[in-house]
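Using the working numbering, the first residue of the sequence shown is number 1, and each one after it goes up by one.
Worth flagging that the hints you see were computed from the coordinates, not collected in a lab.
Glycine included, every Cβ here is placed at the ideal spot set by N, Cα and C.
Mixed in with the good hints, there may be bad ones.
Claimed, not checked - Taking CB as the label site, the calculated pair distances span:
1) 43 with 121: 28 to 34 Å
2) 141 with 182: 22 to 28 Å
3) 170 with 45: 16 to 22 Å
4) 165 with 52: 18 to 24 Å
5) 180 with 58: 34 to 40 Å
6) 156 with 101: 20 to 26 Å
7) 59 with 178: 33 to 39 Å
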Amino acid sequence: MRLNSLHSIYNIVIGISMTMFFSCNGNMKEVQKIGISDNEPIGIAEKINLKYTDSGRVTANLLSDKMLNFTNRDFPYYEYPEGIILHLYDEKNTKSTVVSDYAIIYDQTNLVDLQGNVVITTGDNRVLKTEQLFYDQKKQWIFTNNPVSFKSEKDIINGIGFDSNKDFTNAEVLEVNGIISVQD
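Using the sequences and the hints, build the whole thing.
Next comes the structure, spelled out in structure tokens:
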């Protein structure tokens with residue numbers, strides 16, 4: 001009788017162990033997520049000085065005090081909570097600069113969202129100021145629906161909304177509410 005009850009306990013333990021063993025599906029992504037909160041970045045970088053090159057020529061230089069990597073999310077992105085300074089260089093090595101207090105780059109849509117004291121200064125001294133600006137990396141298009149101030153060669157144009165290609169060759173303030181002529 002005692003052997004029979006030990007045999008039953010042994011079978012129960014084996015049954016529970018086998019159930020537990022086969023219930024694990026070996027999902028590596030789930031194992032990697034252990035210890036990482038869904039609200040936490042998978043990486044943090046500080047004091048970034050990233051240089052982009054094309055054919056040995058520096059085309060961009062991104063500076064930021066902090067970058068948070070949220071590419072572990074269903075809609076992956078990189079966040080720059082302390083802002084960015086981005087220097088862009090054209091074929092003639094003319095520098096344009098983009099500055100903002102905050103930035104976020106969405107991987108899937110290739111959209112860059114700049115927020116807070118956004119200022120773009122082009123190599124030919126045109127200046128765009130706004131509180132939020134978007135850049136579509138695929139279409140190479142800059143746009144906003146917020147109030148803007150745009151200093152061109154001859155005027156300072158104030159309005160609501162802005163559209164332009166990345167080179168500012170067809171820059172347009174959408175709803176103009178004031179123009180100030182600039183004299184040399």
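How the hints compare with the structure:
1. 43 with 121: 28 to 34 Å: holds, 31 Å
2. 141 with 182: 22 to 28 Å: Holds - the Cβ-Cβ distance for residue 141 and residue 182, about 26 Å, lies within 22 to 28 Å.
3. 170 with 45: 16 to 22 Å: violated, 35 Å
4. 165 with 52: 18 to 24 Å: 19 Å Cβ-Cβ, so the 18 to 24 Å window holds.
5. 180 with 58: 34 to 40 Å: holds, 36 Å
6. 156 with 101: 20 to 26 Å: holds, 22 Å
7. 59 with 178: 33 to 39 Å: holds, 35 Å
Checked against the numbered hints above, the structure violates only hint 3.
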